[in-house]
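Student: Join these two chains into a complex; the hints should help.
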Amino acid sequence: DIQMTQSPASLSASLGETVTIQCQASEDIYSGLAWYQQKPGKSPQLLIYGASSLQDGVPSRFSGSGSGTQYSLKISSMQTEDEGVYFCQQGLKYPLTFGSGTKLEIK
Amino acid sequence: QVQLKESGPGLVQPSQTLSLTCTVSGFSLMDYSVHWVRQPPGKGLEWMGRMKYDGDTYYNSALKSRLSISRDTSKSQVFLKMNSLQTEDTAIYYCTRVEFGAYWFAYWGQGTLVTVSS
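First to last, the protein sequences are chains A and B.
First residue of the first sequence: 1360, per my numbering; consecutive thereafter.
First residue of the second sequence: 13, per my numbering; consecutive thereafter.
Isolated chain B (complex conformation) (with noise of 0.2 Å):
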């Protein structure tokens, strides 16, 4: 079945690089576009951008000039690189499948949370 689970470090140091892996099982990469969402605790839910399955990404513009979205299909996985990262980075980073041309996620992994502090 379809499945997605997000790893990385809970913590990252203020001014520091965050570097989330989503490995996903259950489809292909080049099939599916992967987003990533975040959400701070307790608050709403930020759309952060997407890898098409063609190998395209598009990035949120409030995001563009400190994100980078990468993709290994041999591995199936999605990589998210931010730098520059502060207090307010603090969130549960998902990782979420869309179906085939459309927008709604219909299946998200179990998010991981990104705590930034020193």
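Only chain A is shown next, with the shape it has when bound in the complex (with noise of 0.2 Å):
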């Protein structure tokens, strides 16, 4: 199986500040990853595809980027709203694996 490792677990910003989350693949996924955002008692919701395609109606501040193994998630100015936890999930083969997960606060 892929193992996806997420990193921080954790971790805390400032308002309007940019955060990055990395994703990191056990093996070559040619940008078969996405990118969810889950709120406390909710579903997660589709942020991104292909690496770096952004979901409809995600708001432009949410990027990706990376090939190979690395990839990462940008948050270019945080907001209230973006608090939640991230996972990223890989696509390449099947059992289809998921991140551990990164719990952003607001600091």
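Derived by calculation from the structure, the hints in this document are not laboratory data.
You may find that some hints are simply not true.
DSSO-like cross-link-like pairs, simulated, lysine-lysine; straight-line CA separation at most 30 Å [claimed, not checked]:
1) A:Lys1452 / A:Lys1462
2) B:Lys55 / A:Lys1401
3) A:Lys1398 / B:Lys17
Covered, in the sense of this in silico footprint (three residues per stretch, anywhere, with C-beta under 8 Å from a C-beta of chain A), are these stretches of chain B [what the hints assert, rightly or not]:
4) 55-64
5) 68-74
6) 110-120
All figures in this text were calculated on a predicted structure; none of them were measured in a lab.
Glycine included, each C-beta is placed from N, C-alpha and C at the ideal position.
Tutor: This is how it looks when you write it as structure tokens:
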């Protein structure tokens, strides 16, 4: 199975700060990566697919980048509503696997 | 619009079988694949398996011996059955939909919490 390692496990950011979350795959996943945001008591919401494509309706302050085994999610200006847990997910091979999550809070 | 909704028992006894239903609307099960993903409380996400639009199924090897996914296209329902439940199977169970030929989950149900306890 492809292992997805996310870092950091948690972080806090000030309003307007730029935030970056990392995701490393155990093998090359050829940009087959998605990012999700999950708020307490809610289902995950798709943010990014194909490593860098923004899902419809997602604010443009969210962006994804990376290739090979290294990927990142960037929030260019942290907002209150961005608090939550962020997960990466690989789609190259079954079983589809997720990172362990990054908890993002407002400082 | 696209909707998915899980239903089933909230409590299952250890060693018993879990049966969940995902009722979808806004699309046909013969056009899109539906997956099951679960999340133990406060933990990460685990992909369980999928019902492809053509009726083919695929399971996470970690669960394959206990898991079965089926469907009734006339009722727009996908079913999950998992036997020999243990306390570690306590989780929120989600059904999700992928776009055609894609791997990312653009649509999720609200999830249903299943607690395994005597």
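Student: Would you mind marking each hint as holding or not holding in the structure?
Tutor: Here's how the hints hold up against the structure:
Of the pairs offered as hints, the one joining Lys1452 of chain A and Lys1462 of chain A holds, with about 26 Å between alpha carbons and a cut-off of 30 Å not exceeded. With a C-alpha separation of about 13 Å, the suggested pairing of Lys55 of chain B with Lys1401 of chain A holds against the 30 Å cut-off. For the hint pairing Lys1398 of chain A with Lys17 of chain B, the CA-to-CA distance comes to about 18 Å; that is within 30 Å, so the pair holds. Check result for the region 55-64 of chain B against chain A: holds, 4 residues qualifying (beta carbon to beta carbon below 8 Å, three or more required).
A count of 4 residues in the region 68-74 of chain B with a Cβ less than 8 Å from any Cβ of chain A is obtained; the coverage claim is therefore met, three being the minimum. For the region 110-120 of chain B, the assignment as covered by chain A holds, since 6 residues bring a beta-carbon within under 8 Å of that chain's beta-carbons and 3 suffice.
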